[in-house]
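Chemist: Taken in order, these protein sequences are the chains called A and B. Using this note's numbering, you'd call the opening residue of the first sequence number 1 and step up by one each time. Using this note's numbering, you'd call the opening residue of the second sequence number 1 and step up by one each time.
Because the hints were derived from the structure by calculation, they are not lab data. Nothing here was measured: the structure is a model prediction, and the numbers come from that model. Careful, some of the hints might be misleading.
To be verified - Cut-off 30 Å, straight-line C-alpha distance, at most; resulting in silico cross-link-like pairs (DSSO-like, lysine-lysine):
| # | chain 1 | residue 1 | chain 2 | residue 2 |
| --- | --- | --- | --- | --- |
| 1 | B | K27 | A | K72 |
| 2 | B | K8 | A | K72 |
| 3 | B | K8 | B | K36 |
| 4 | B | K8 | B | K27 |
| 5 | B | K36 | A | K72 |
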Amino acid sequence: MRLVSRLCAGGPASITRLSDGLDITRQAVTKHLRVMQNSGLVRSARHGRERIWELDPRRLEDVRHYLDLISKQWDSALVRLRGLLED
Amino acid sequence: MTTDRIEKQIFLRAPRQRVWRALVDSKEFGTWFGVKFAGPFTPGARVRGTVVGTAVDAGIAKLQKQYAGVPFEITVDRIEPERLLSFRWHPNAVEPGVDYTREPTTLIVFTLEDVTGGVLLTVTESGFDQIPLERRAQAFEANDQGWSMVIQLIDKYLAKAA
Numbered sequence: 001m002r003l004v005s006r007l008c009a010g011g012p013a014s015i016t017r018l019s020d021g022l023d024i025t026r027q028a029v030t031k032h033l034r035v036m037q038n039s040g041l042v043r044s045a046r047h048g049r050e051r052i053w054e055l056d057p058r059r060l061e062d063v064r065h066y067l068d069l070i071s072k073q074w075d076s077a078l079v080r081l082r083g084l085l086e087d
Numbered sequence: 001m002t003t004d005r006i007e008k009q010i011f012l013r014a015p016r017q018r019v020w021r022a023l024v025d026s027k028e029f030g031t032w033f034g035v036k037f038a039g040p041f042t043p044g045a046r047v048r049g050t051v052v053g054t055a056v057d058a059g060i061a062k063l064q065k066q067y068a069g070v071p072f073e074i075t076v077d078r079i080e081p082e083r084l085l086s087f088r089w090h091p092n093a094v095e096p097g098v099d100y101t102r103e104p105t106t107l108i109v110f111t112l113e114d115v116t117g118g119v120l121l122t123v124t125e126s127g128f129d130q131i132p133l134e135r136r137a138q139a140f141e142a143n144d145q146g147w148s149m150v151i152q153l154i155d156k157y158l159a160k161a162a
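Take the sequences, apply the hints, and build the full model.
Modeler: Here is the structure:
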């Protein structure tokens, strides 16, 4: 979780910077990042000898709005129900 | 703010019996919801159906047309006459050719309550935190809102992945 906070607050960063001060190993940090990468939450790119990680905002925002979408679907379904009952 | 649950309330100016019928009768439910069900709702039953346009609103029916024919399935949970109906489904399972059967479901609960002049209907849908992030992300276009809810979501996700 602190990884995400770091990526939010500090922007793109290398594994070294992301692991700095955390009580987990770099391998564990890498593992977390891979998991998040597979879900499209973060992305990485090679810069010279280092891999730089950053949040993938497009995908995260998609997730953020999932409930909004479902919520709107319910709104419209319930308005249809009212239409049926009150006609 | 929860990421797991949606709650909706609507006041319906109709007798409780009438509201109940619009929910528990799979044919009536399908009319406003936009799904044609193959059988009745009974506790524990898996009821298959297909998405059709709703008969209530022509504009929405047109929107739903793009999903017409998509299979739809619910598993009825509880039926407590004129008080509560609940079932499970795969939320937003509208992509043709995608097999949702192995994915977690959400629980939908309708409850009825008498209020002056009609019925207060409450709908909750919960269990979204179990839905794969990929599935949730696929559902929309990008937007420009804040991060707090996303962070909460990722937190839960990572707690499980660890």
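Chemist: Under the constraints set out in the numbered hints, which ones does this structure not fulfil?
Modeler: Failing hints: none at all.
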